[in-house]
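Novice: Heads up: the sequence lines are chains A and B, in that order. At position 96 of the first sequence the residue is numbered 96 (the numbering used here), and the sequence of numbers has no breaks. At position 307 of the second sequence the residue is numbered 307 (the numbering used here), and the sequence of numbers has no breaks.
Straight-line C-alpha distance at most 25 Å; calculated DMTMM-like pairs for lysine to aspartate or glutamate:
# : chain 1 : residue 1 : chain 2 : residue 2
1 : A       : LYS80     : B       : ASP17
2 : A       : LYS61     : B       : ASP30
3 : B       : LYS10     : A       : ASP151
Simulated restraints, written as ranges between beta carbons of each label pair:
# : chain 1 : residue 1 : chain 2 : residue 2 : range
4 : A       : ALA74     : B       : SER523    : 33 to 41 Å
5 : B       : GLU6      : A       : ASN16     : 31 to 39 Å
6 : A       : ALA74     : B       : ASN371    : 31 to 39 Å
7 : A       : VAL121    : B       : GLU492    : 26 to 34 Å
Read the hints as simulated data drawn from the structure, not as lab findings. Built from N, CA and C at the ideal position, the CB exists for glycine as well.
Residue strings, one per chain:
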Amino acid sequence: MDTKIEQKELNSSLVNRCKKGDNKAYKELYGLYAKAMFNISLRIVNSTDDANDVLQEAFIKAFQSIQKFDNQAAFGGWLKRVVVNQSIDVIRKKKENFISVDQVGNLEEDEVEFEEIVYDVESVRESMLELADGYRIILTLYLFEDYSHKDIASMLNISEGTSKSQYNRAKKKIIQLIQQKTFSHAK
Amino acid sequence: MQNNFETFVKAHRTEFDTFEPSAAIWQSIDSGIQAPSSAVTASKVTWLKSFAFGASIVTGVGYFVLKSSSDTEQIKNDSPTKNTAHSSFAAKAEEDEQKSPATQEESTFSNIENPLSMDYSNNSPSLIATATSNENGETIITVEPAIQPDSKTEKPIDQELIVPLAPSAVPAKPERPAPPIKNLQTIGRDENSAVATKDTIFMGIKAIEINSSFADIDIQTHESDQTSLNYTVDESGENKKSKRKNNTDDKSRNPISYVINGETLVITISANEKMLGKKHLQKLVNLRLDVPKETSLLINNSLGDIAIKGIEGKATTIHSSLGDVRINNVSTGLEVTLESGDLTIKNSKGAINSSVALGEITIEHFDGNINSEASSGDLNVSDIEGNITAKNSLGVQQFNQINGNIKSNCLSGDVNISNTKGNTDVHCNLGDINYENYKGNPTISSNAGNIIGKNVELIDNITISNSLGDISFVLVNKMDDLSFDLETDMGELLIEKDGSKIEDTEAIKIEKGKIKVKGRTSSGTQTYK
Numbered sequence: 001m002d003t004k005i006e007q008k009e010l011n012s013s014l015v016n017r018c019k020k021g022d023n024k025a026y027k028e029l030y031g032l033y034a035k036a037m038f039n040i041s042l043r044i045v046n047s048t049d050d051a052n053d054v055l056q057e058a059f060i061k062a063f064q065s066i067q068k069f070d071n072q073a074a075f076g077g078w079l080k081r082v083v084v085n086q087s088i089d090v091i092r093k094k095k096e097n098f099i100s101v102d103q104v105g106n107l108e109e110d111e112v113e114f115e116e117i118v119y120d121v122e123s124v125r126e127s128m129l130e131l132a133d134g135y136r137i138i139l140t141l142y143l144f145e146d147y148s149h150k151d152i153a154s155m156l157n158i159s160e161g162t163s164k165s166q167y168n169r170a171k172k173k174i175i176q177l178i179q180q181k182t183f184s185h186a187k
Numbered sequence: 001m002q003n004n005f006e007t008f009v010k011a012h013r014t015e016f017d018t019f020e021p022s023a024a025i026w027q028s029i030d031s032g033i034q035a036p037s038s039a040v041t042a043s044k045v046t047w048l049k050s051f052a053f054g055a056s057i058v059t060g061v062g063y064f065v066l067k068s069s070s071d072t073e074q075i076k077n078d079s080p081t082k083n084t085a086h087s088s089f090a091a092k093a094e095e096d097e098q099k100s101p102a103t104q105e106e107s108t109f110s111n112i113e114n115p116l117s118m119d120y121s122n123n124s125p126s127l128i129a130t131a132t133s134n135e136n137g138e139t140i141i142t143v144e145p146a147i148q149p150d151s152k153t154e155k156p157i158d159q160e161l162i163v164p165l166a167p168s169a170v171p172a173k174p175e176r177p178a179p180p181i182k183n184l185q186t187i188g189r190d191e192n193s194a195v196a197t198k199d200t201i202f203m204g205i206k207a208i209e210i211n212s213s214f215a216d217i218d219i220q221t222h223e224s225d226q227t228s229l230n231y232t233v234d235e236s237g238e239n240k241k242s243k244r245k246n247n248t249d250d251k252s253r254n255p256i257s258y259v260i261n262g263e264t265l266v267i268t269i270s271a272n273e274k275m276l277g278k279k280h281l282q283k284l285v286n287l288r289l290d291v292p293k294e295t296s297l298l299i300n301n302s303l304g305d306i307a308i309k310g311i312e313g314k315a316t317t318i319h320s321s322l323g324d325v326r327i328n329n330v331s332t333g334l335e336v337t338l339e340s341g342d343l344t345i346k347n348s349k350g351a352i353n354s355s356v357a358l359g360e361i362t363i364e365h366f367d368g369n370i371n372s373e374a375s376s377g378d379l380n381v382s383d384i385e386g387n388i389t390a391k392n393s394l395g396v397q398q399f400n401q402i403n404g405n406i407k408s409n410c411l412s413g414d415v416n417i418s419n420t421k422g423n424t425d426v427h428c429n430l431g432d433i434n435y436e437n438y439k440g441n442p443t444i445s446s447n448a449g450n451i452i453g454k455n456v457e458l459i460d461n462i463t464i465s466n467s468l469g470d471i472s473f474v475l476v477n478k479m480d481d482l483s484f485d486l487e488t489d490m491g492e493l494l495i496e497k498d499g500s501k502i503e504d505t506e507a508i509k510i511e512k513g514k515i516k517v518k519g520r521t522s523s524g525t526q527t528y529k
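Just chain A, with the same shape it has in the complex (with noise of 0.2 Å):
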């Protein structure tokens, strides 16, 4: 609690170093975020090029709005959430992939034993990158980032139901993609 407490604060004090013109500031509050918000944009691109171009993007504009930014505790959850608006957007251009509900096949029948699945971080990750965008983006969202269905929802412009039975089928498709890995590796 008081680490978060503190964070607050050194967010304020930068934030507000900032606002004031001070670019060592700048250069603080950056090393402060990129790195998680580099991992947030590539989960999502999924291309390290894009992630990289997200990042960029969304620091600028973030700087450049810093002024208007009036809850300086909260600096992090808002880049957040343009770091993710970003990476969308450029999902979006490509328009690759963007699974739609129709799209998925019935997965009940393929239901895994998730119980005997001993999970890793890197078989995890890996299975990701293989996700359909739209799968990703929500596992994404939800899992890792936190937000809630609605949110999702309105980031996505699509329904909560959807974003709930959209990040339920993910689950499920890279369960059967771990299993699949480590099955193959147990062979």
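Dock chain B against the given chain A, drawing on the hints supplied.
Specialist: Relative to chain A, chain B alone:
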């Protein structure tokens, strides 16, 4: 309801963020952003300054009306006791002086009903300030006790210099008490006066208060009892083709005003209103003061570096929002508060009380106690004769060649102590704690991180605790001089010293020597050699 997959991701969430963005991104961002200039801040204070300027004119005109009906040609200062409230520094320096409630009430601006009704003729002056010009054309301001009413200090001075400053001419900072106006008699200037020329010399100044918006401040000492003020102004902006340096004799651009309050010189440095109306115009004053060694200082600076050398006054207090502070060869009580910037103190003695929100603190070759706090930034302390209390939220603490006790608290960052004699009490929330070539009585605790000691000589009992991380010490002390009380919840315990080797995975207790080593780890190995 979460299944195993969701639980796994939540538990290992941070491990997924391992990729680094391209190093070139920051450079692109840096060139892409237009950092807001001082115009933003300035615009917020423009109306205040306009009001202040208006008040100055009204008060000044009123004063001249009074002045024209008076034969008084000398500048009379009220008693020092009353004048202390004019300057927060003076108030601090003379806080031991008793003030009656009535006096204090008089010294607040809000109690002045009509500044124009000031009575200048009935004051009983204890100090007299006079202004003269020497053969080089320098302005010399002299402050002397008014023992002889008919002394030579009564000689006429240029009337333009006798412009009483309105309260707002002293920095209008809401957090500081508004200066009084009643009975205020000072030497100073308004926008139309011709003071603070390139070389202005003051006599009899014991303390200096500087309230500055944008200035690099350089204060050095000399053997003379004079205080000399010199400055230049740098201006740059997109409406100018190139940066230029102004002649300080250009009155319309002169951003410095001053007040002599008793033996305190109060200098105010602020941006020019005309300049504030133009976007992206930046203005920086380079102020140079050469002062007697015994001068006490209070500096409030919003932007700019501060350098101080050779001061031996009672107190030196610095508050800076943005800029580095360098202090060298001083002997004084130092209090430094920095919002952003590096603090460097070298070759000095006295006491230090420093607080830096963002920036590095470096203290070298210092005799005296140090109390340091930093929100984000490293602390480097070396060659110290005195006790140190240090607190960092984020940053490394480095102590080298300390002859004194250290109390250290670090939220996130390593603590390194080397070549040190004295007791230490170190707590680190997240980060390693390292001791090397150390003699003393340490108390060490860490929540996460390793605790390592090399060539450590214990003179008394030691307590070390670590929640998550190893403890490893190479002790100079003989095995026969030591007793051990070691416990770990998860890890190994090992004592390998003077030919004996004792191992356990839960606890070791050896009652032998006078010095007791108490070690606790929740998850981590303890090794003592």
